[in-house]
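Dock chain B against the given chain A, drawing on the hints supplied.
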Amino acid sequence: MSRIRQLIDTQLSGMQRLAVLVLLAILLRLILMPFFLHMDLLSEFKRVNYAVENLSFYPGFNRIITFWIECAFYSITQLFVVNGELLLFLPDPLHSTSTTTQHFIFAGDPHIFRHLFIFKIPYLVFDLLSAWLIWQYFKSSTWRNVALLLWLFNPVTIYASYVFGRFEIISIFFLIATALSLKQHRVLVAALSFGLALNCREVNIIYVPAFLLALYHFLAHSQISKTRIFLAFTVVVSLWQLPQIIETLTGAAPLFSGPTKVVDIDRGITALTASKFAGVYPFFLLFGIAAFVLLARVSNETYLAHEAFVVAGASTIGAFFVTGFHSAHYFAWIMPFLVLLLYQREGLLLPILALIACWFSFWMLNPEGAYFTPLLATPIHESLFGWGNFAQVYQGYFRGHALLDVANIRTLIFTFSVACLIVIAVRALSLSAPVSEKQ
Amino acid sequence: MTQKLTTSIWLIALLSLGSAMAAPMAVNDFELAGDDIYQTAGPDPHLVFDYKNNKSMSTKGSWVSIDLIEQQNTNAYKPKLQLYWRQGAETFSQTRMISANIKLGENRFFLPFSLIDASPDEVRIDLEGCVCKIAIKEPVASDEVVAAKYHPSGFAKYLKLYQGFDLAINDWVGQELVQERPGVFTFSGWDPRIINQTPLNISSGVAAGIYFAFDYDTQAPYQKFELFWQLAGLKWSALRSAHFLLENNGTSQKQIFIPFERIYSSRRLNRLRLDFAACETCRFALKQARIVGISEQRKYQEFIPDRLYYVHTEHPPAAVMKRDIARKLSHDWPFFLVWLLLIVATTGLGFRFIRRQV
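Chains A and B supply the protein sequences, listed in that same order. For the first sequence, the working numbering gives the first residue as 1, with consecutive numbering after it. For the second sequence, the working numbering gives the first residue as 440, with consecutive numbering after it.
Chain A with its partners taken away, still in its complex shape:
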């Protein structure tokens, strides 16, 4: 080991070190892929299996693109699924959410590890493609490396994709592609990417103001013709209405839901309005966007369009997490913006790392919500190792200290995470990338 360390320290070039770290990141993902799942992964692939088996691909909800991508992968990987007719059987597509019994049957199957690996392949591909886009986004080699490593080793997207087994990474890929296209002044490609992102995950609709702000930048500084900006706007609106267009043009009936309501945003937005503090949220959302519009107007060339999209997007989704982490994997939504914010550089890396550390420790102290529950990570259980979970170990050390009670510590950690979010927002809104980066 010391020989290898010596080699790495003294003999390897920067690129070689990076290549080794990238391979290490891939290795980490490969190791995790077969062993964990939330039952949502089963529900998703029961729908995918149903669509592929019946050659009917209109799911009828606002994440068509994610679904189609999963279907495309599955049309090949289904060759390696065993007992699919039993494990993924969906008698009534209108009730496609798995029951606990179905989940346990699936998790108890001798081929469970194979199936989990197969189902997560699209997430691995889009995760690595996202890493490649991040690499393209940055110009400074040092910060490019930092951003790439932050992406590859952040526990948030690793957890969301390979432990929870959720498709967030596909949506994230299109958001990163949007930022990169804006940076390259390819406004129509950016519009296409953003339009596809809108059809990947319901929550992405909250980034519409951020994207419009980027278009406004192009318009204000006459960098791109009004026709192309209008076309881009049209592309976004058209893609936003994609489910409605499909239904109108093809007469397709939704497979897994009733009639589509295009503006019916699931979970992400409904969670916003469910709390007793719901009235305060618009303030956070509007504050972030208004502050940015103001800055964009007065600072002329200080901010470029892609910076506007990233900072406004980060402010918007950051406001969502001011009230709570919600479900553990939701935090993946903020990760692409946090990584791309490193473009602004100064003073952002530390609060971003602190925020990720807060998320990690918060959920380590809340095992029922994040890992090793009967419905999550079922094929492997914490009792396998006999160590207990982190919360139990913590409680063992601090039993009898009321102030250090797990619930108190979780609140403290969350408060600290809000402080990190505020520091990030303030610094991102007041910073701009170095001129050398923009040229």
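If you're looking for bench data, these hints aren't it; they were derived computationally from the structure. Worth double-checking, as some hints may not be accurate.
Stated by the list, open to error - Among chain A residues calculated to face chain B with C-beta under 7 Å, some are: (1) Q16; (2) V20; (3) L23; (4) L27; (5) L30; (6) T101; (7) F104; (8) P110; (9) H111.
Fair warning: this is a prediction, and the values are worked out from it, not measured in the lab. For glycine and all other residues, C-beta sits at the position ideal for the given N, C-alpha and C.
Below, chain B alone, put in the same frame as chain A:
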């Protein structure tokens, strides 16, 4: 009310049967109150004796003797012993435990280890339901077979579970089934099932599982079943069941064995329920239902369905998890091989990057 009674009968006869007396290797919640006399001093009083040097190849069992000198709590409590044993890496567990009622004065039991194929390294003696003073000595091995009347009160039940036993066919009652005669049913409803009526009252940790032999004439390509277990004090629940699928191999004669190792509960097992898929024309004839004992479980392994899925919410023991993961990996070895190759290839590529510079 505290009751004090005193007796003093010593167990001199035992000395001649075994090796020299030795102190317990572990004492828990007992205080020494004289030579070989112990006073309970906590909620879990027990003594552990080293038995390794005591036993021999010809050992048939062990004498355990305890003199209950004084019971200080109310006599509403019925004191009893729990006799545990373990060998090698085994732990002391309910699966290797026999209980014995005791009374004031001398109590002598013979633990016939040879009948349950045990060759313990250690013996643990727990005292339950009693604040008392006892005189106890090291268990003494015996090469002679001893009459059943000297066996602990719980031994007969343990032996029955260890050896396994048949459940009466006429104890199984159908629901949403039409019973033609005991054990023979035709299907009538949407949720057909059979349930045993007499509570089993057994420790699922001691019995190895349930075996069914039956004749089932369904034509479905896959036959789906669900076995529920009802534990003492709990209702039927889909979260305490095992699903299994049988492939239609052209014969209606079926034999299945469902191990209990993943019931995971210390509660006693009372009833079993076997649910069938709804079927309009099926007929089911139960030939045999047997609680399989630990001693015979090997010969029933071949009847474990290939597709057996346990539904559970309780934490599975680590040993069961390890077996389960090993079973899945060995069953799906082609995937495991490909996955390992991917891991090795990625690691190898990393090392290649490092070596290239050298």
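Violations among the numbered hints:
Of the numbered hints, all hold.
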